[in-house]
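Colleague: Sequence:
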Amino acid sequence: MSVLVDENTKVVIQGITGKHGSHHTKLMLEYNAKVLAGVTPGKGGSEVYGVPVYDTVKEALEQHPDINASLIMVPPPGVLSAAEEAIENGIPLVVIVTEHVPVHDTLKIKWLAKEYGTIVIGPNTIGIISPGKSKVGIMPGYIYSQGNIGVISRSGTMTHEISSNLTYNGIGQSTCIGIGGDPVNGLTAVEALELFKDDDETKAIVLIGEIGGSNEELVAEYIEKTNYPKQVYAFIGGQLAPQGKRMGHAGAIVQKGKGTAASKMERLKKAGVKVAKTMDELVNMIKTDGYGNVETIQKHIS
Numbered sequence: 002m003s004v005l006v007d008e009n010t011k012v013v014i015q016g017i018t019g020k021h022g023s024h025h026t027k028l029m030l031e032y033n034a035k036v037l038a039g040v041t042p043g044k045g046g047s048e049v050y051g052v053p054v055y056d057t058v059k060e061a062l063e064q065h066p067d068i069n070a071s072l073i074m075v076p077p078p079g080v081l082s083a084a085e086e087a088i089e090n091g092i093p094l095v096v097i098v099t100e101h102v103p104v105h106d107t108l109k110i111k112w113l114a115k116e117y118g119t120i121v122i123g124p125n126t127i128g129i130i131s132p133g134k135s136k137v138g139i140m141p142g143y144i145y146s147q148g149n150i151g152v153i154s155r156s157g158t159m160t161h162e163i164s165s166n167l168t169y170n171g172i173g174q175s176t177c178i179g180i181g182g183d184p185v186n187g188l189t190a191v192e193a194l195e196l197f198k199d200d201d202e203t204k205a206i207v208l209i210g211e212i213g214g215s216n217e218e219l220v221a222e223y224i225e226k227t228n229y230p231k232q233v234y235a236f237i238g239g240q241l242a243p244q245g246k247r248m249g250h251a252g253a254i255v256q257k258g259k260g261t262a263a264s265k266m267e268r269l270k271k272a273g274v275k276v277a278k279t280m281d282e283l284v285n286m287i288k289t290d291g292y293g294n295v296e297t298i299q300k301h302i303s
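For the numbering used here, add 1 to where a residue sits in the sequence shown, where the first one is 1.
Think of the hints as simulated: they come from the structure by calculation, not from any bench.
Where hints are given, some of them may not hold.
Below, simulated DSS-like cross-link-like pairs (lysine-lysine); rule was C-alpha separation at most 25 Å, straight line [claimed, not checked]:
#	residue 1	residue 2
1	LYS226	LYS270
2	LYS134	LYS231
3	LYS226	LYS275
Produce the complete structure using the sequences and hints provided.
Modeller: Okay, here's the thing in structure tokens:
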């Protein structure tokens with residue numbers, strides 16, 4: 002079992018003929034992800050690495066009715082209409098890689114997704130991967146490995162680094178979800194935590210947070226309120242960030258003293274989360290607690 006993505010995930014890529022869309026189509030196919038179709042208005046009838054391209058999502062679904070996920074890789078002004086098209090045509094999982102999506106557009110997408118019961122991941126996300134099964138995103142698949150640790154992250158780079166460190170320490174991952182670094186996102190960290198709660202394969206969760214926003218504080222509140230049954234570990238990026246300076250993501254900024262790394266770390270500790278000051282310490286904590294498997298180490302050495 003995994004969360005949201007597995008061997009049965011069948012993907013349409015919106016924006017497939019663009020530079021990034023075609024590049025990541027190739028990488029997803031190499032990872033054995035089932036990319037059934039692409040969509041680019043005006044490019045219907047062409048192909049990208051053997052994947053047929055359609056003018057609309059509706060046309061793609063008419064030929065491939067079992068598509069159940071969309072990866073959106075279009076410029077920011079086109080994200081709203083692309084997401085509306087995917088959601089209104091009943092695709093249950095929509096992953097938006099594009100960053101700098103206007104906040105009001107994201108709010109409209111969130112509202113529409115709620116109306117249709119669609120799960121939206123992003124914008125400004127690397128996507129989601131269940132190692133060894135499938136991915137809907139732009140992450141390098143080879144640094145991830147199959148195991149029992151769920152990962153929830155606002156940062157793509159830190160997700161890569163921590164997951165890679167876990168892998169090379171013999172600790173595989175069940176599913177890694179990049180919820181995105183924008184101020185407003187679809188799936189929240191709390192909602193991701195809820196998904197992992199019922200996943201038998203996931204034995205513990207890593208939360209990779211950063212300064213700004215209130216995701217981490219809401220996670221702490223949720224863990225306390227639900228007496229969350231699985232151990233959560235956390236690392237917060239931006240521990241040395243000066244107030245008022247935006248760090249990397251649009252949502253990573255400390256304003257009026259709120260959303261600092263120190264305050265987030267303290268709040269998570271109070272809720273029972275094991276909080277690490279460094280990425281190395283995080284991996285060592287998990288390893289000391291007995292997660293991981295020899296097979297993972299052997300697989301990546303060979």
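Colleague: All hints, please: hold or fail.
Modeller: Going through the hints against the structure:
1. LYS226 - LYS270: Holds, at about 15 Å.
2. LYS134 - LYS231: holds, 23 Å
3. LYS226 - LYS275: holds, 17 Å
Of the numbered hints stated above, none is contradicted by the structure.
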